[in-house]
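Enquirer: Protein chains in written order, with UniProt numbering: chain D, 1 to 95; chain C, 1 to 970.
FYI, nobody ran anything at the bench for these hints, they're computed from the structure. Treat the hints with care, since some could be wrong.
Said to hold, decoys possible - Interface residues of chain D toward chain C, partial, derived using beta-carbon atoms under 8 Å:
1. Ile-2
2. Leu-7
3. Arg-11
4. Val-17
5. Arg-23
6. Pro-36
7. Arg-54
8. Glu-60
9. Gly-62
10. Asp-63
11. His-76
12. Ala-88
13. Arg-95
Idealized CB from N, CA, C, for every residue including glycine.
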Amino acid sequence: MIINHPLLGPRDAQEFVYLGDARLIERPDGMAEGAPQAFHDHVYLRDNPAGEHRELWYHEQGDRSWLVVTRNTVTHEITGVELARDVARAKGRSR
Amino acid sequence: MTQPNRVSGGLIDRARTLSFTFDGKPYQGHAGDTLASALLANGVRLMGRSFKYHRPRGPISAGSDEPNALVELRTGARQEPNTRATVVELFDGLSAQSQNRWPSLAFDALAINDRLSPFFAAGFYYKTFMWPAAFWEKLYEPMIRRAAGLGSLSRLPDPDVYDKGFLHCDILVIGAGPSGLAAALSAGRSGARVILADEDFRIGGRLNAETHGVGGMAGADWAAQAVAELAGLANVRVMARTTVLGAFDHGIYGAVERVSDHVPVPAEGKPRQILWRIYARRTILAAGATERMIAFENNDRPGIMLAGAMRAYANRWGAAAGRRVAVFTNNDEGLRTAADLRAKGLEIAAVIDSRKGEEVTGSAGRLGLRAVTVRDGSGRTRTVECDALGVSGGWNPNLHLTSHHRGKPVWDEAIAAFVPGPGGPAGLLPVGAAAGHLTTHGALRTGAEAAAAALADLGHRPAAFDLPEAEDAPVRVTPKWHVPGKGRAWVDPQNDVTVKDVKLAHQEGFRSVEHLKRYTTLGMATDQGKSGNVLGLAVMAEMTGRSIPETGTTIYRPPYTPVAMGALAGRSREKEFKPTRLTPSHKWAAEQGAVFVEVGMWLRAQWFPKPGETHWRQSVDREVLATRASVGICDVTTLGKIDIQGRDAGAFLDRVYANTFSSLPVGKVRYGLMLREDGIVMDDGTTARLAEDEWVMTTTTANAVPVFRHLEFCRQCLWPDLDVQLISTTEAWAQYSVAGPNARRLLEKVVDQDISDAAFPYMACANITVCGGLRARLFRISFSGELAYEIAVPTRYGDAMIRALMAAGEEFGAVAYGTEALGVMRVEKGHVAGNELNGQSTALNMGLGKMVSRKKDAIGMVLAQREGMVAEGGLRLVGVKPVDPSQPLTAGSHFIAAGKPATAAHDDGWLTSVVHSPHLGHSIALGYLRNGTARLGERLRAVNLLKKTEVEVEIVSPHFFDPEGERLRA
Numbered sequence: 001m002i003i004n005h006p007l008l009g010p011r012d013a014q015e016f017v018y019l020g021d022a023r024l025i026e027r028p029d030g031m032a033e034g035a036p037q038a039f040h041d042h043v044y045l046r047d048n049p050a051g052e053h054r055e056l057w058y059h060e061q062g063d064r065s066w067l068v069v070t071r072n073t074v075t076h077e078i079t080g081v082e083l084a085r086d087v088a089r090a091k092g093r094s095r
Numbered sequence: 001m002t003q004p005n006r007v008s009g010g011l012i013d014r015a016r017t018l019s020f021t022f023d024g025k026p027y028q029g030h031a032g033d034t035l036a037s038a039l040l041a042n043g044v045r046l047m048g049r050s051f052k053y054h055r056p057r058g059p060i061s062a063g064s065d066e067p068n069a070l071v072e073l074r075t076g077a078r079q080e081p082n083t084r085a086t087v088v089e090l091f092d093g094l095s096a097q098s099q100n101r102w103p104s105l106a107f108d109a110l111a112i113n114d115r116l117s118p119f120f121a122a123g124f125y126y127k128t129f130m131w132p133a134a135f136w137e138k139l140y141e142p143m144i145r146r147a148a149g150l151g152s153l154s155r156l157p158d159p160d161v162y163d164k165g166f167l168h169c170d171i172l173v174i175g176a177g178p179s180g181l182a183a184a185l186s187a188g189r190s191g192a193r194v195i196l197a198d199e200d201f202r203i204g205g206r207l208n209a210e211t212h213g214v215g216g217m218a219g220a221d222w223a224a225q226a227v228a229e230l231a232g233l234a235n236v237r238v239m240a241r242t243t244v245l246g247a248f249d250h251g252i253y254g255a256v257e258r259v260s261d262h263v264p265v266p267a268e269g270k271p272r273q274i275l276w277r278i279y280a281r282r283t284i285l286a287a288g289a290t291e292r293m294i295a296f297e298n299n300d301r302p303g304i305m306l307a308g309a310m311r312a313y314a315n316r317w318g319a320a321a322g323r324r325v326a327v328f329t330n331n332d333e334g335l336r337t338a339a340d341l342r343a344k345g346l347e348i349a350a351v352i353d354s355r356k357g358e359e360v361t362g363s364a365g366r367l368g369l370r371a372v373t374v375r376d377g378s379g380r381t382r383t384v385e386c387d388a389l390g391v392s393g394g395w396n397p398n399l400h401l402t403s404h405h406r407g408k409p410v411w412d413e414a415i416a417a418f419v420p421g422p423g424g425p426a427g428l429l430p431v432g433a434a435a436g437h438l439t440t441h442g443a444l445r446t447g448a449e450a451a452a453a454a455l456a457d458l459g460h461r462p463a464a465f466d467l468p469e470a471e472d473a474p475v476r477v478t479p480k481w482h483v484p485g486k487g488r489a490w491v492d493p494q495n496d497v498t499v500k501d502v503k504l505a506h507q508e509g510f511r512s513v514e515h516l517k518r519y520t521t522l523g524m525a526t527d528q529g530k531s532g533n534v535l536g537l538a539v540m541a542e543m544t545g546r547s548i549p550e551t552g553t554t555i556y557r558p559p560y561t562p563v564a565m566g567a568l569a570g571r572s573r574e575k576e577f578k579p580t581r582l583t584p585s586h587k588w589a590a591e592q593g594a595v596f597v598e599v600g601m602w603l604r605a606q607w608f609p610k611p612g613e614t615h616w617r618q619s620v621d622r623e624v625l626a627t628r629a630s631v632g633i634c635d636v637t638t639l640g641k642i643d644i645q646g647r648d649a650g651a652f653l654d655r656v657y658a659n660t661f662s663s664l665p666v667g668k669v670r671y672g673l674m675l676r677e678d679g680i681v682m683d684d685g686t687t688a689r690l691a692e693d694e695w696v697m698t699t700t701t702a703n704a705v706p707v708f709r710h711l712e713f714c715r716q717c718l719w720p721d722l723d724v725q726l727i728s729t730t731e732a733w734a735q736y737s738v739a740g741p742n743a744r745r746l747l748e749k750v751v752d753q754d755i756s757d758a759a760f761p762y763m764a765c766a767n768i769t770v771c772g773g774l775r776a777r778l779f780r781i782s783f784s785g786e787l788a789y790e791i792a793v794p795t796r797y798g799d800a801m802i803r804a805l806m807a808a809g810e811e812f813g814a815v816a817y818g819t820e821a822l823g824v825m826r827v828e829k830g831h832v833a834g835n836e837l838n839g840q841s842t843a844l845n846m847g848l849g850k851m852v853s854r855k856k857d858a859i860g861m862v863l864a865q866r867e868g869m870v871a872e873g874g875l876r877l878v879g880v881k882p883v884d885p886s887q888p889l890t891a892g893s894h895f896i897a898a899g900k901p902a903t904a905a906h907d908d909g910w911l912t913s914v915v916h917s918p919h920l921g922h923s924i925a926l927g928y929l930r931n932g933t934a935r936l937g938e939r940l941r942a943v944n945l946l947k948k949t950e951v952e953v954e955i956v957s958p959h960f961f962d963p964e965g966e967r968l969r970a
């Protein structure tokens, strides 16, 4: 596969390490009420779609960027690649 | 020597005669021959024995689809089994052997299998060899494996090298027949970067095998002219002997180039083969088509081959399959074959056309065809004497790559064949015969059109390409799959699958294509169904009364043709299988005679044997005792090192470690425990604060890469606005542990600063200089339990530093110690390491539960508090010693209470790490014991059912040595 890195252009997927569902960005607040349930859901519950999937890839043999790649798990077509940092900020994550 | 079946013409160089042997017998051929064409020219039709029944077989094809003529090539370490004689390029001195026969090809003792065929019908091994069950593994399977088979391996290491390479292009053209050449010319002339790859050693495809003209000249001449033009274009790369074996994602194609298979031994510095990874923006599949057989009784005798193969042997290689030839066809190829062969002076015995109601019902000849039986439209049979029969049952487009992404082929009634359907790889355009256009004109036209479309897509202006004149007779195939009869008619010759086997599969309910394949082994052999699949499907369709497309389609997976394992491995073999990382002291350690151990990719000194030491324990005991008595030095460079900087570095560490770091003063080190989000311990190590916003973290050797990846995840994905920067510095610093009561006195000789206990107390750290000005980092930390330091210098000074430290230590009798002594000392101190950090254990299990702060939100903090993980009575780290000190402990032993059977129900935990403590003079261990903290002093059995050991043990504190830690604060 080829991943079109937002900073570096098209790179072979062999340069990357795959992590999984991009929902891992949405880490719950550990100090909040109901944290145990929230963390249970966060760590263990995943959708496994046959189709579009937003997932985390790490450019380990490259610039160390974490990326959110939107990939169709059936056709492997990639329709979007974003810096995970930007995605995290868009979801309100900051410090 | 004469070549009795050599006829006139062909694209061989008769001026160059090549000598070769087959089964030890010498023959001659010419440059341009394949092994099969040269053997046929020499009158040799028998080239192999079939897989199951050991039936005599000859080639049926002239290409890579060959199922029968499989031979062992070369001898010694270069011996290669199962090569198809039809694609082996002849060279002088080539030696080939037939396979799957004993004692000889002409007389094969296991041909008895053919007489026993009723016992070997489809699925026989599921039914026949069932009882008694134990016999399968011991008797039946080895017996079947010996009898059924392909070639043999040399069992010697492969002496050749294989390379991997990467290529990029605008347009990849796969196959260089008329459609591929038209596409490559159109694209090449327009300036696009083009790769034209063909599996053959001569470019041209069927143009080299047929007598059709192109543009007013012979097809082969037109192909040669095209190759010459392409060779002159700098933007075009023509790759002969290159098989594109698979279509992968996003325009990536795999290809094997056989660089040296056509010479006896690869030239100096040349690989045998290259595995290419080709990145193509657009791809044109011009892979041609494969002719198919019509099944009739005994249609597998040597001398019976595909009509197109027969024409190829005659026209391209000047080799006759026989002197008196008959043709059996269901389309117009029959008359053409007869005309081509007659032009070569061969006698045509008969043309049997199924469209006229005629059919071949059987054949005769033990080791080669002697005659066929023909039934005419009125039902009368006659015998036709002939030594070769050309059969044409139509053509199957080579659409393999279009189904590599699970694209399903569709049925084309006009040519009675599957053609590429939708859902093929994006950017791949099938053309010519591969797309079902079976005329030369159709091939040229669709090739040029696809190139124009691809060019337009990529923003290139297509150059002019005037279609040359070529034949365009309409092609219609009137299906004729098999001739009904009592005898066995072969569908898949390589796996010995007959029409009867397909019928049996149907009768027993294995009717879906997938079941048919697995039950009969149809299409499972090295040709992967190129010759038999569609025919098998047609027979099944007839049984079920459904149409062929309703019965199923057959889709293909990579590779297109078999690939040598060596090509897939490339240079990654033996010592180069993975990179080897050497520490900066490696050369010095090797000089000391160190024994090295692989730790991940690293090589680390395990121990340093001295003269007279004959057992590793002698060396390790000496290193431990000398370190504890005076001072020892160990290379700890392999531990991961991560520099962490920024105003928020302390806050960041608070979130990635279970314990608190932001409160750590500058100049101090703290032990840290890192959890996974599920609450399990991920890694441990020390982190030092060298300045207000400058920290250096160490990780275990094994987790250096995963921890760094995890920290980047936390930094970029969880807290993107923290002011924190990371960089891995594992390779930047050489680091040595200096441990023992004389560690300070030794270091004072090399360190430029005051490192007295007052100035540099336990857990201090600092940027310092050594040897009069070389920058270094010093940490007063201890894994051994001794007064100890770790000193780091830039990697390039690592060798000088170890030599300086050892020289400075000479007066103290300093020893170098390896990973074994390191392990002994850490177990004596009760420190956890890899065996305890096993990916299943919590801080509480390790006795470090108090380190998990609940006052802050850190990774893993929430789930570490889950009920099951904090329950009383769980596994706890304990020390273990044998009740009888003379008894050694065994790692992996399980704790079983006295008087209880050693079963899982009574399992109370296990021994994680076992060493011999030279101080205590006996085995000691760490272990995880259920409710362990409350069980000190208890006696249990340590049982190891694998090693068959059982020792009575006493549970003790894990701190065997200096439990108060007085030595490390000295």
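Enquirer: Broken hints, numbered, in rising order?
Expert: 2, 3, 5, 7, 9, 10
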